[in-house]
Amino acid sequence: MQTQEVVSCCHKQPLFRAAKYIRARSMSAVWQYFRLDQPASKTATCIKCQAAISRGGTSISNFNTTNLIKHLKTRHPVEHNGYTKARTEKDEPCQTQQTLEASFKRREKIIKFIVLDDQPLSVVENVGFRRLIEHLEPRYSLPVREHISCKLKDVRTISFTTDIWSCDSTPLSLLSLTAHWVDTVTPSSFTLQSAVLQANEFRGSHTGKSIAESIEGMLEKWNISKSRVHVILRDNASNMKKAMDEMGVSSLGCFTHSLQLVVHQGLLSQRTRLEDIQKDLKMPTKRLQQDVAMRWNSTFYMVESLLEQKRTISAFGADYDLPATLTANQWALLEKAVTVLAPLEEVTKQISSSTSSVAEVIPSVTVLKRLLARESQEDTGIKTMKTTLLEAVKKQFATIEEEPLYVVATLLDPRFKDRYFSSADNIKHAKDALTVEMEKTEKSTTVAETIAENPKKTPRMEVQVGGSSSRESSLKGLFEEILQEHDEEHGAGTTSTHFQLQTYMMEQTISRSDSPFQYWAVNRVRFPSLAATAAKFLCTPGTSVDSERLFSTASNIVDARRNRLGEEREQKCSFS
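Mapping the sequence shown onto this note's numbering, position 195 (from 1) lands on 195, and the numbers just tick up by one.
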């Protein structure tokens, strides 16, 4: 009897373990109605009617639960309803083959990871990265390096930003090249893309010819012909201008560099006052220290922080009997100076964003000129500064509305259109330039003319902005004011090009917080030639900030303690 109990226990124990093993592996609710004699059994026994049901295969690797579910459905409806309910509540995962859409989404995420984090294209070939992706999603097949680089092959026109950086602690100079384009591969896409292509060591003298040869070499390495180069954003140095002329490509100066020169002149107008005060106090003539000489807004932030700590600084001066402190008038002068410079700082931040384009330059300049030209009772003590700033803006951007790269981009931005030009003649010349570009686009691309006879006006797009600022933009009112002044009707043309242009111009502008790329994604069917031209012009950034961000990373890598890093090793550190 004892022997029989031992045998029975030895027999039942494997049954329990086998059933438990199947439930853990299959993760299916159907196993609460069936049991197995062995894990490799080809049949499962129904607990309800003791029938042996085939598992639909010859081995564990290809067994399934289809027959078990059918048995419950035909013989035991109540139990089948319980199984269906349990499966719905559990929402059990199903190891199925990934869909094509899911594969494309994962591939797009990897591309964004490379672009946003300045990763090298070769990261998809790194063993550690491939093992990580394989662990997270075994069914996904990673793209190879050539797949990502070939995305540029389908782009007709590309804009670039470039800059030169020289290290302070080692004789190393780098020349960067960043590409910007609009992705229009799929009918519903119209998104701005950018990628850092290279940051090569630049040897020898920084002449225009040498810079041109280096950039041409980088373009050749990426199989990008100069005919596909729309425009290159560079700084305002003469050697950079000459390099672009040597290459025979269009180029634009960095807007923030030009704004730096404007504000520098405005600050100079107040410097003599500071020197007079220092002489009256019999102090050595010194200038206020600023962290970054090439960035005027560092001075702005410095003064702003002083004003924030006004009470603390005054108390400190009283407690420690400092030889000189700022008077009430001097504090008031600083506050007024910050008020005048705040709109310029706001413009600098807006146009330096990753989604900004050259289309924002003309509207920004127009608003700044109107703001600086307005007189106020609060201008006492800073009238000279405002006048100097206004004259500097007019001088620095005197010919901006004569540059087709600026005017065409501005017209194609649905937030601005022709509302911010200074004269009717400039508007006419701008539209003529846009018409020429549209005709070029129609010749180079077979655009299907599927325009309705009476297209409806597009309502203003409402976009929810994440978060709200506690302080209203000092420029918002001026932007809206100028839009209302230019809200006028336009006559219709006769050709398809003119019809698109006139219909587009008659419609109201979208909100300044809306995305022009989203607008063209929605309206590219209505305005095919305009949309194709917009993809060419709106991909151009207004500044060379993207290249400078790369050099910020390089300056943290190559320093006085690591001044022996060569070009190849430095690039590996910067792009990894």
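Because the hints were derived from the structure by calculation, they are not lab data. One or more of the hints may lead you astray.
Unchecked claim - No farther apart than 20 Å at their CA atoms in a straight line, the calculated lysine to aspartate or glutamate pairs in the DMTMM-like style are these:
1. K428 <-> E403
2. K349 <-> D379
3. K209 <-> E220
4. K369 <-> E481
5. K369 <-> E213
6. K349 <-> E304
7. K153 <-> E79
8. K395 <-> E378
9. K349 <-> E375
10. K369 <-> D418
11. K73 <-> E108
12. K105 <-> E137
13. K70 <-> E125
14. K153 <-> E137
15. K394 <-> D425
16. K336 <-> D379
17. K153 <-> D183
18. K153 <-> D245
19. K153 <-> E134
20. K112 <-> E79
21. K105 <-> E79
22. K431 <-> E403
23. K241 <-> E216
24. K443 <-> D432
25. K369 <-> E402
26. K209 <-> D183
27. K85 <-> E134
To be verified - Cβ pair distances, simulated, as ranges:
28. V127 <-> H206: 31 to 41 Å
29. S238 <-> E402: 43 to 53 Å
30. D245 <-> T191: 26 to 36 Å
31. H135 <-> P404: 34 to 44 Å
32. P404 <-> S173: 28 to 38 Å
33. T387 <-> Q518: 36 to 46 Å
34. T74 <-> V127: 17 to 27 Å
C-beta atoms are modelled at their ideal positions from N, C-alpha and C, and glycine is treated no differently.
Hints versus structure:
1. For the proposed pair K428 and E403, the alpha carbon gap of about 13 Å is at most 20 Å, so the pair holds.
2. With a C-alpha separation of about 25 Å, the suggested pair K349 and D379 falls outside the 20 Å cut-off, and the hint is violated.
3. For the hint pairing K209 with E220, the CA-to-CA distance comes to about 16 Å; that is within 20 Å, so the pair holds.
4. Proposed proximity of K369 and E481 is supported: the alpha carbons are some 14 Å apart, at most 20 Å.
5. For the given pair, K369 sits about 39 Å from E213 by alpha-carbon distance, which is inconsistent with the 20 Å threshold.
6. Among the hinted pairs, K349 with E304 is consistent with the structure: their alpha-carbon atoms are about 16 Å apart, no more than 20 Å.
7. Restraint check for K153 and E79: the C-alpha separation of about 58 Å exceeds 20 Å, so the hint is violated.
8. Distance check on the hinted pair: K395 and E378 sit about 25 Å apart at the alpha-carbon level, beyond 20 Å; violated.
9. A distance of roughly 25 Å separates the Cα atoms of K349 and E375; the hinted pair therefore is violated under the 20 Å criterion.
10. Our distance criterion of 20 Å between C-alpha atoms is met by K369 and D418, whose separation comes to about 17 Å.
11. Taking the CA atoms of K73 and E108, the gap is near 42 Å; set against the 20 Å cutoff, the hint is violated.
12. Between K105 and E137, the direct Cα distance comes to roughly 13 Å. Compliance with the 20 Å bound is thereby established for this hinted pair.
13. For a cut-off of 20 Å, the pair hint linking K70 to E125 is broken: about 46 Å separates their Cα positions.
14. A threshold of 20 Å between alpha carbons decides the hint, and for K153 with E137 the separation of about 29 Å lies outside it, so the pair is violated.
15. A C-alpha spacing of about 18 Å is found between K394 and D425, which places the hinted pair at or below 20 Å, so the restraint holds.
16. With a C-alpha separation of about 8 Å, the suggested pair K336 and D379 falls inside the 20 Å cut-off, and the hint holds.
17. For the hint pairing K153 with D183, the CA-to-CA distance comes to about 12 Å; that is within 20 Å, so the pair holds.
18. Distance hint between K153 and D245 is unfulfilled; the C-alpha atoms sit about 25 Å from each other, more than 20 Å.
19. Taken as a hint, the K153 and E134 pair is broken in the structure, with Cα atoms around 29 Å apart against an allowance of 20 Å.
20. Under the criterion of a C-alpha separation no larger than 20 Å, the hint pairing K112 with E79 is inconsistent with the structure, at around 48 Å.
21. Distance restraint check for K105 and E79: the Cα-Cα separation of roughly 39 Å exceeds the 20 Å cut-off, and the hinted pair is therefore not satisfied.
22. Between K431 and E403 the alpha-carbon distance is near 12 Å, which keeps this suggested pair within the 20 Å criterion.
23. With a C-alpha separation of about 15 Å, the suggested pair K241 and E216 falls inside the 20 Å cut-off, and the hint holds.
24. A hinted pair counts as satisfied when its Cα atoms are at most 20 Å apart, and K443 with D432 qualifies at roughly 17 Å.
25. At most 20 Å may separate the alpha-carbon atoms for a hinted pair to count; K369 and E402 meet this at roughly 17 Å.
26. A C-alpha spacing of about 32 Å is found between K209 and D183, which places the hinted pair above 20 Å, so the restraint is violated.
27. A hinted pair counts as satisfied when its Cα atoms are at most 20 Å apart, and K85 with E134 does not qualify at roughly 33 Å.
28. At roughly 39 Å, the beta carbons of V127 and H206 sit within the given window of 31 to 41 Å.
29. For the pair S238 and E402, the supplied restraint of 43 to 53 Å is violated, since their beta-carbon distance comes to about 20 Å.
30. One distance hint, 26 to 36 Å for the beta-carbon pair D245 and T191, holds here, with the actual separation near 32 Å.
31. Between H135 and P404, the C-beta spacing of about 52 Å breaks the proposed range 34 to 44 Å.
32. A C-beta distance of roughly 33 Å is found between P404 and S173, which places it inside the suggested range of 28 to 38 Å.
33. For the pair T387 and Q518, the beta carbons lie near 41 Å from each other, so the given range of 36 to 46 Å is met.
34. Separated by about 52 Å at the C-beta atoms, T74 and V127 break the suggested range of 17 to 27 Å.
When each numbered hint is compared with the structure, violations occur for hints 2, 5, 7, 8, 9, 11, 13, 14, 18, 19, 20, 21, 26, 27, 29, 31, 34.
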